[in-house]
Amino acid sequence: MTVTAAQARLRPTFNARRYLGATWRHPVARALAKAVLTVWAATTITFFLIRLMPGSPVDIKIDELINTSNGGLTYDEARTIASSLFAINLDAPLHEQYFSFLFNVARGDLGNSFLSQGTPVLSIIMGVLPWTLFAVGSGLLLAFVSGVGLGLVAAYRRNSLFDHVVNSLASIVTSVPNFLVALLIVLIFGVQMRLIPIAAMRGSYTPGVEIGFNLTFVLDVLFHASLPITVFFLTSIGHWVLSMRSATMAALDEDYVTAARARGLTDGRITTAYVGRNAVLPLVTQFAIAAGYVVGGAVIIETIFVYQGVGLKLYNAVFQRDYPVMQGIVLLTTAAVVTANLIADLLYTRLDPRIGRAGGAGG
Amino acid sequence: MIASAVEFLRLLSRRPVGLAGFIGVVAFALMAYVAPLFVPLLTDPNIREVYQSPSFAHPLGTDFQGRDVLNQIVYGGRDILTVGFLAAAFSTLLAVSLGGLAATVGGRLDTVILAITDVALTIPQLILLIVVAAIVRPSGFLVLAVILALLQWPSLLRQVRAQVLSLKERDWVEAARSLDLGLFHIIFREMLPNMRSYIAIHFILAMTQAIYAQAGIIFLGLVPLSGQNWGIMLYFANSQGAIFFRDSFWYILSPILAIALFQLSLVSLASALEDIFNPRLRSA
Numbered sequence: 000m001t002v003t004a005a006q007a008r009l010r011p012t013f014n015a016r017r018y019l020g021a022t023w024r025h026p027v028a029r030a031l032a033k034a035v036l037t038v039w040a041a042t043t044i045t046f047f048l049i050r051l052m053p054g055s056p057v058d059i060k061i062d063e064l065i066n067t068s069n070g071g072l073t074y075d076e077a078r079t080i081a082s083s084l085f086a087i088n089l090d091a092p093l094h095e096q097y098f099s100f101l102f103n104v105a106r107g108d109l110g111n112s113f114l115s116q117g118t119p120v121l122s123i124i125m126g127v128l129p130w131t132l133f134a135v136g137s138g139l140l141l142a143f144v145s146g147v148g149l150g151l152v153a154a155y156r157r158n159s160l161f162d163h164v165v166n167s168l169a170s171i172v173t174s175v176p177n178f179l180v181a182l183l184i185v186l187i188f189g190v191q192m193r194l195i196p197i198a199a200m201r202g203s204y205t206p207g208v209e210i211g212f213n214l215t216f217v218l219d220v221l222f223h224a225s226l227p228i229t230v231f232f233l234t235s236i237g238h239w240v241l242s243m244r245s246a247t248m249a250a251l252d253e254d255y256v257t258a259a260r261a262r263g264l265t266d267g268r269i270t271t272a273y274v275g276r277n278a279v280l281p282l283v284t285q286f287a288i289a290a291g292y293v294v295g296g297a298v299i300i301e302t303i304f305v306y307q308g309v310g311l312k313l314y315n316a317v318f319q320r321d322y323p324v325m326q327g328i329v330l331l332t333t334a335a336v337v338t339a340n341l342i343a344d345l346l347y348t349r350l351d352p353r354i355g356r357a358g359g360a361g362g
Numbered sequence: 000m001i002a003s004a005v006e007f008l009r010l011l012s013r014r015p016v017g018l019a020g021f022i023g024v025v026a027f028a029l030m031a032y033v034a035p036l037f038v039p040l041l042t043d044p045n046i047r048e049v050y051q052s053p054s055f056a057h058p059l060g061t062d063f064q065g066r067d068v069l070n071q072i073v074y075g076g077r078d079i080l081t082v083g084f085l086a087a088a089f090s091t092l093l094a095v096s097l098g099g100l101a102a103t104v105g106g107r108l109d110t111v112i113l114a115i116t117d118v119a120l121t122i123p124q125l126i127l128l129i130v131v132a133a134i135v136r137p138s139g140f141l142v143l144a145v146i147l148a149l150l151q152w153p154s155l156l157r158q159v160r161a162q163v164l165s166l167k168e169r170d171w172v173e174a175a176r177s178l179d180l181g182l183f184h185i186i187f188r189e190m191l192p193n194m195r196s197y198i199a200i201h202f203i204l205a206m207t208q209a210i211y212a213q214a215g216i217i218f219l220g221l222v223p224l225s226g227q228n229w230g231i232m233l234y235f236a237n238s239q240g241a242i243f244f245r246d247s248f249w250y251i252l253s254p255i256l257a258i259a260l261f262q263l264s265l266v267s268l269a270s271a272l273e274d275i276f277n278p279r280l281r282s283a
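Chain order of the listed sequences is A and B. So for the first sequence, numbering that gives the first Met the number 0 puts the first residue at 0; every next one is plus one. So for the second sequence, numbering that gives the first Met the number 0 puts the first residue at 0; every next one is plus one.
These are computed hints drawn from the structure, not numbers from a lab. By construction, the Cβ of each residue, glycine as well, lies at the ideal position given by its N, Cα and C atoms. You may find that some hints are simply not true.
Covered stretches of chain B (in silico footprint by chain A; criterion: 3 or more residues with CB under 8 Å from a CB of chain A, positions within the stretch not fixed) [as the list claims (entries may be wrong)]: (1) 28–38; (2) 102–108; (3) 186–194; (4) 199–209; (5) 250–260; (6) 263–271.
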C-alpha cells in the first residue's frame, strides 16, 4: 500500500493512547490482556485474603505453631517459621510482600504445602488438575455437542412433541443443583438398586493398574471418571439445549435464510452453514463461563464420588488449613478457565469473519 | 396495585408450569416462615424409631436419631430461604446500580466496570467462595449473604448493562435527556420503572444461584453448623456415611427434594414471568 503525502502528514508520529486503543480493539490482543488481567486479579484477591482478613491465616498459623510447640517457640521464632511457610517476608511493608509474592507467582513458585513439608504446591496441584480438567472437559464437550444438536432439532420442530419433551427436560435438569444429582445417583443407583459399584469407582484410577497408554489403563480411567462426567453432562446439557433452541429460532427468521432458500440451496446446507453456524456463535462465548461454573461445582461432585481431582484436593486443603494449596488452586483453576476462555475467543474470531475484519481496522 | 396483582394472576393462570412454580414458591415460603409458628420443633431422640420409612405418624420417615424428618424439613427452610433472599437482594442492588451507571455514563467508566466484571466472571466463583468461607467462617446470616452476593453479581451486571443500553436509545429517555432532567432522574424515574419486570426475573434467578452455592458450602461443612437447615441435614447424612445405608433413603431424599423442588419452582416462575413481560419471545 502506498502512502500519499497528505496521509503521511495526517499520521501522528507516535500516540501512546491511540496505540493502546488500537491494541485493545484487536481481538487477540484484547483476549490476551484480559487473560493476564484475570490471573493477576485472582492472585491479588487471594494474597489479600490471606494477609489482611481479620484472624488471617498467617496469624492463625503463628498461634498454632506456638501452641503445638508447648512453649518451646517464642512469638518471634514462630513468626519466622510462618514467614518461610507462606513464602512471605512478614517484616517487610505490605506492598513489598505483595510484589515479591507476585514475582514468585510469575516464576511459577506458589510456595510449599504446609502438610507435606517441602513439597511445592505447584507439583501437588499439577498431579490432580489434569483429572479434573479431563472429567469437566469431557462432560462439558459432550453436553455442548449434544445440547446444540438437540436444540437445533427442537427449534426446527417447534411445538412438536419432541420440542416439548426436550424443552421441559432441559428446564428441569438446569434447575436442579448438580451436587444433588450426584447424591441422587449414589443414593438410587449405587445404594438402593446396587447397579453401580460406587465404592470401586472411587479415585481417578484403580491402584495397581499399570499407568501408561494401554487399553486397560484407558478403560480404567474412563470407568473411574464416568460418574463425574455423567453429572457434568446431565447438569449442563439443558443450558445448551435452551440457548441453542432460542438462537436457532431467531436465526430462522433472518432474511439471509429466506434468501438462501430462494437461491435454491439444499436444506442441509442451509441448516449447517446458515442457521446452525450463526446460532452457535454466541454459545461459543458462553462456553468459558460455563467452564468456570462447572469447575467450581466439581469441588462438591468430586467430594461425593471421591474422585481424586483438584476439587477433592481443595476440600482436604480447607480442612487441613493448608493455605498455600488453597491459594494455588484458586490461581491454577482460574488459569485453566482463562485458557478455555482464550481458546473460545480465538475460535470465535475464526468462526465469525466479521470480528477479525472490524478489529483489524480499528485504531 | 390490587388490579395489577389480579391481572398478573390471570396471566399466570394461563401458564400451567409458571402457575405451578408460583404455587411452589408460595407454599415453600409459607412452610418455612408460617408453619413453624404452629408446629413445635421436635428434637428429642427416639432410639427405637431410627431410619423409619414414611408412615402416617412420620410422613417422611425418621432420621438417625429417630426424629421426624418432615418436622426438620419444615424448620430447615427458613435459614436457606432468608440467606438466599438477602444474597439475591444485595447482588441485584449492586448489579443494577453499577450496571446502570456503566451504561448511562458510558465512556471510560463503562470500560473499567465492564473489565472488572469480565475478570470477576472468569474466576471460578464456587472455588473462591469455598476459600473465602474457609478463611472468614461466616456464622451470621448477613455475612453469608454478603459473601454470596459479592461473588455472584457479575453475570447480572452484564445483563442489566445490556438492557439499560437498549433503553437508553428510547424516545422518552432521549426526551428526558434533552430536557436536562439529570442522571438521577433518568435512572430512577425513566429507566428503572421500565426494568422492574426484568429485575424481578433476575432477582429470582440470583436467588437460585445463592441457594445453590449456599447449600453447597453448607454440605461441605464450611459454615459453622447450628440450627435446622436442609443443607445441614445433607451434611450430616454425608459425613456420617448415612448415604451408604439402605435404610436411610427417605432421610436423605427429603432435603434433596426440598432444595430441588424449591429451585424448580423459582426457575419455572422466572421463565413464566419472562414470558408474560416479554411478549416478543411469546412467538407462536
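Each hint, compared with the structure:
Chain A is given as covering the region 28–38 of chain B, and this is violated because 0 residues of the stretch bring a CB closer than 8 Å to a CB of that chain, at least three being needed. Counting residues of the region 102–108 of chain B whose C-beta lies closer than 8 Å to any C-beta of chain A gives 0; at least three are required, and the coverage claim is violated. With 0 residues bearing a CB less than 8 Å from a CB of chain A, the region 186–194 of chain B misses the requirement of three and the coverage assertion fails. Taking a C-beta to C-beta cut-off of 8 Å, the region 199–209 of chain B contributes 1 residues in contact with chain A, too few for the three needed, and the coverage statement is violated.
Check on the region 250–260 of chain B: 5 of its residues sit with their Cβ under 8 Å from a Cβ of chain A, so the three-residue criterion for coverage holds. With 5 residues bearing a CB less than 8 Å from a CB of chain A, the region 263–271 of chain B meets the requirement of three and the coverage assertion stands.
Figure legend: structure checked against the earlier numbered hints; hints not met, in rising order: 1, 2, 3 and 4.
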